[in-house]
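Number of protein chains: 4
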Amino acid sequence: MRALFLNCTLKRSPEVSHTHALIETSQALFKKEGIDSTVIRIADHHIPCGMQPRINDSDEWPPIFEQVMNSDILIIGTPIWLGEKSSVASLVIERLYASSGEKNPDGQYIYYNKVGGVLATGNEDGGKEACRSLIYALQHIGFTIPPQADAYWVGEAGPGPSYIEEGTKNTFTQRNTQFMTYNLIHFARMLNKQRIPAIGNVTLGKF
Amino acid sequence: MRALFLNCTLKRSPEVSHTHALIETSQALFKKEGIDSTVIRIADHHIPCGMQPRINDSDEWPPIFEQVMNSDILIIGTPIWLGEKSSVASLVIERLYASSGEKNPDGQYIYYNKVGGVLATGNEDGGKEACRSLIYALQHIGFTIPPQADAYWVGEAGPGPSYIEEGTKNTFTQRNTQFMTYNLIHFARMLNKQRIPAIGNVTLGKF
Amino acid sequence: MRALFLNCTLKRSPEVSHTHALIETSQALFKKEGIDSTVIRIADHHIPCGMQPRINDSDEWPPIFEQVMNSDILIIGTPIWLGEKSSVASLVIERLYASSGEKNPDGQYIYYNKVGGVLATGNEDGGKEACRSLIYALQHIGFTIPPQADAYWVGEAGPGPSYIEEGTKNTFTQRNTQFMTYNLIHFARMLNKQRIPAIGNVTLGKF
Amino acid sequence: MRALFLNCTLKRSPEVSHTHALIETSQALFKKEGIDSTVIRIADHHIPCGMQPRINDSDEWPPIFEQVMNSDILIIGTPIWLGEKSSVASLVIERLYASSGEKNPDGQYIYYNKVGGVLATGNEDGGKEACRSLIYALQHIGFTIPPQADAYWVGEAGPGPSYIEEGTKNTFTQRNTQFMTYNLIHFARMLNKQRIPAIGNVTLGKF
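Chains as they are written, first to last, in the numbering used here: chain A, 17 to 223; chain B, 17 to 223; chain C, 17 to 223; chain D, 17 to 223.
Where hints are given, some of them may not hold.
Copies of the same chain are indistinguishable here, so a pair counts whether it falls within one copy or spans any two.
To be verified - For lysine to any residue, the following SDA-like pairs were computed, each having C-alpha atoms within a straight-line distance of at most 25 Å:
| no. | residue 1 | residue 2 |
| --- | --- | --- |
| 1 | LYS185 | VAL218 |
| 2 | LYS185 | ILE56 |
| 3 | LYS27 | THR54 |
| 4 | LYS27 | PRO78 |
| 5 | LYS27 | ASP75 |
| 6 | LYS47 | VAL218 |
| 7 | LYS48 | ASP122 |
| 8 | LYS209 | ASN129 |
| 9 | LYS48 | ILE215 |
| 10 | LYS119 | ASN139 |
| 11 | LYS47 | ALA37 |
| 12 | LYS185 | THR219 |
| 13 | LYS209 | ASP60 |
| 14 | LYS185 | ILE215 |
| 15 | LYS27 | GLU76 |
| 16 | LYS48 | ASP88 |
| 17 | LYS48 | VAL84 |
| 18 | LYS185 | GLY216 |
| 19 | LYS185 | GLN68 |
| 20 | LYS27 | HIS61 |
| 21 | LYS119 | GLN194 |
| 22 | LYS27 | ASN139 |
| 23 | LYS47 | THR219 |
Rather than coming from a laboratory, the hints here were simulated on the basis of the structure.
Chain A with its partners taken away, still in its complex shape (with noise of 0.2 Å):
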């Protein structure tokens, strides 16, 4: 079983990315249940924007939509900024879409029998509406959302420290983020033993 967060920060290696710390609590938990799990941090990659696979010859999507495919668990890490998902977020979700109309084997779309979660973090506000936006997305495309699969850090309103500088410590988001983590390990191992029937959900025809 793999797992594999996908950070929308910003910020390019090797700078500092909060998002990143929150990403690694998360990570020590998978490596505890012992499921591996990778970080691709998007804005270190030339992704341009477009809804075909593959954009131009120096898209490097393609690869990354790889990883996606082999993975059993998705999870979107996201700064926020102006109360919201970042644009590299966006840009995720809108590669992620274009292909959301290909079909696996059965005739249901390829991110059937996947799961999905978001970790969000920022200085203040905008953890739920950025979480919001990432979870509809996610099940809107065919991933299945287990409860309580988003976890977030933010700080009181105004300027104020970032997740790192706060020291990491916070216990509700800690909690959350063990939640999400857990729950989405309980789901993806559920669909793999059992694949979800394709019954109903299969596109035939005229649609």
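Position chains B, C and D relative to chain A; hints supplied.
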């Protein structure tokens, strides 16, 4: 297995609810699969706002909440006004949220092992936003969200016919309602056979 | 010149409303500038849902709507629940929307030449989302939105103190409330001196 | 007086942009009123993500930002994907936001005395959500939002024709585009005659 629809139309019976017409499409599929379903029109009941399980002597929420607890599947149906879910749908989410801190015997939150979906109708625009808000809220308080658990009908931008006037025949809406209904059934059956393990998602001590 | 606050807390008087505490900060500035302001707590009134100007005999919305029409400035105050505005705020928007097709003598929609702002409080996260929804709705039905016409207080992620418990002293919230209040005043004065020309914004024939 | 449109389509020139078709409706009205307008298609430029005014040597944002600063009216045009504004529109908001802490000689934030509006097109659903996000962001960073400053076209739920294919003839969309354009003009003229007083909206010391 039981399914419950909460119709959050602003119209009281016997006024015609377009959202109800979409609910009936889903109900027919539940019936075909041998699953009992019930529709409650919230506007026919006295449901005060507030964050207690029971607000006052005339509060009619407690028996509705009991029906939620007795159901395996919950579908919120909402009309769309100014591009968003109705105030009645907001009220239902608040009342569900007010009890979301309660636990089951395993120590998980009480909506665990239930699955949730959303139906929305409007004469134009706002289907995804209404569903986004409700899908997020349901998963955030413990419901499982199967793939493609939202369906809606909206017409072209501007004033125009509502769902029934349009003939309830949009194939995209019909298809998505079918996908939603079957995926809710598949996951409710899965969770009936195997509950979500109470590992990593149980609130202890300091949380 | 008159300002009206609609407090959309879920709490009935005399329960303490944190949103009211933030409203008082704005009221003090209106007073300092010689502008009368009034606060109506919507939850103290019987306001049924629906899309008619008057729903039934016990509907207490019509006199509130009259106060809206007699004001130059409208501020919606809302608490935050599950990261969104309250159901009471949704209800207020629906009731305002229901009359938004009416025209003034110049043929413009009736909320033209009024200015709008939003205040929100929650113990954590959701300030921008609550304001986003309300700011959008107000401008969509004809209110003018001055720069920085929203202000909110939220605490760090997770359970924690509410606005009054925190001491109502956050300088960012205080500043934004001041900016909102003064910009509402500046634009109300501008529009009192010069109404919006009835050119290009008047509904004719086919529309 | 000058108006600037930032077209946030995902398509590079010379691909046909449906959003551009809606922009042209607004441009024709500006022209009729003797106001110069320019359209920049963001996807034709290299605009990296990040929170600095200039990200790297090949960053093409600075001259676009200069055009924003030289305009009285800014209109963001966006396509709709999965019911939301495009990633390019998110990117534009982030880049605008990154400079929003700068001040004018009066001590107000630099976007004060500019007016903002939004146009959106999609083949189905999401017009209000795309506009909601952008209208909110613009006012939050200092733009004035006139009444009814958003307009969109979307078709019926499901796959279907886009704006140009549909004939760009929807009267509701045409009307709202006209209202938006004229109200932007009215407020830009008002603010050209009388700037927003620098009273109560100027950042001092501790803020």
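The hints, checked one at a time:
1. LYS185 - VAL218: Intra 45 Å, inter 19 Å, cutoff 25 Å: inter-copy only.
2. LYS185 - ILE56: Answer is within; shortest intra-copy Cα gap is 24 Å, inter-copy 41 Å.
3. LYS27 - THR54: within (18 Å within a copy, 31 Å between copies)
4. LYS27 - PRO78: both (21 Å within a copy, 19 Å between copies)
5. LYS27 - ASP75: For LYS27 and ASP75, both the intra-copy (19 Å) and inter-copy (15 Å) Cα distances are at most 25 Å.
6. LYS47 - VAL218: between (35 Å within a copy, 20 Å between copies)
7. LYS48 - ASP122: Between. Shortest inter-copy distance 22 Å satisfies the 25 Å Cα cut-off; intra-copy 33 Å does not.
8. LYS209 - ASN129: So LYS209 and ASN129 pass the 25 Å test inside a copy (10 Å) and across (18 Å) alike.
9. LYS48 - ILE215: So LYS48 and ILE215 pass the 25 Å test across copies only (13 Å; inside, 36 Å).
10. LYS119 - ASN139: between (40 Å within a copy, 22 Å between copies)
11. LYS47 - ALA37: So LYS47 and ALA37 pass the 25 Å test inside one copy only (15 Å; across, 47 Å).
12. LYS185 - THR219: between (46 Å within a copy, 17 Å between copies)
13. LYS209 - ASP60: Neither, since 35 Å and 44 Å both go past 25 Å.
14. LYS185 - ILE215: Answer is between: at 21 Å across copies they meet the 25 Å cutoff, but 45 Å inside does not.
15. LYS27 - GLU76: both (17 Å within a copy, 18 Å between copies)
16. LYS48 - ASP88: Close inside one copy (17 Å), not across copies (32 Å); limit 25 Å.
17. LYS48 - VAL84: within (22 Å within a copy, 36 Å between copies)
18. LYS185 - GLY216: Only across copies: LYS185 and GLY216 sit 18 Å apart there, 45 Å inside one copy, limit 25 Å.
19. LYS185 - GLN68: neither (41 Å within a copy, 29 Å between copies)
20. LYS27 - HIS61: both (11 Å within a copy, 20 Å between copies)
21. LYS119 - GLN194: Cα proximity of LYS119 and GLN194: across copies only (17 Å, versus 32 Å in one copy).
22. LYS27 - ASN139: Close inside one copy (15 Å), not across copies (30 Å); limit 25 Å.
23. LYS47 - THR219: between (37 Å within a copy, 21 Å between copies)
Against the hints set out earlier in the document, violations occur for numbers 13 and 19.
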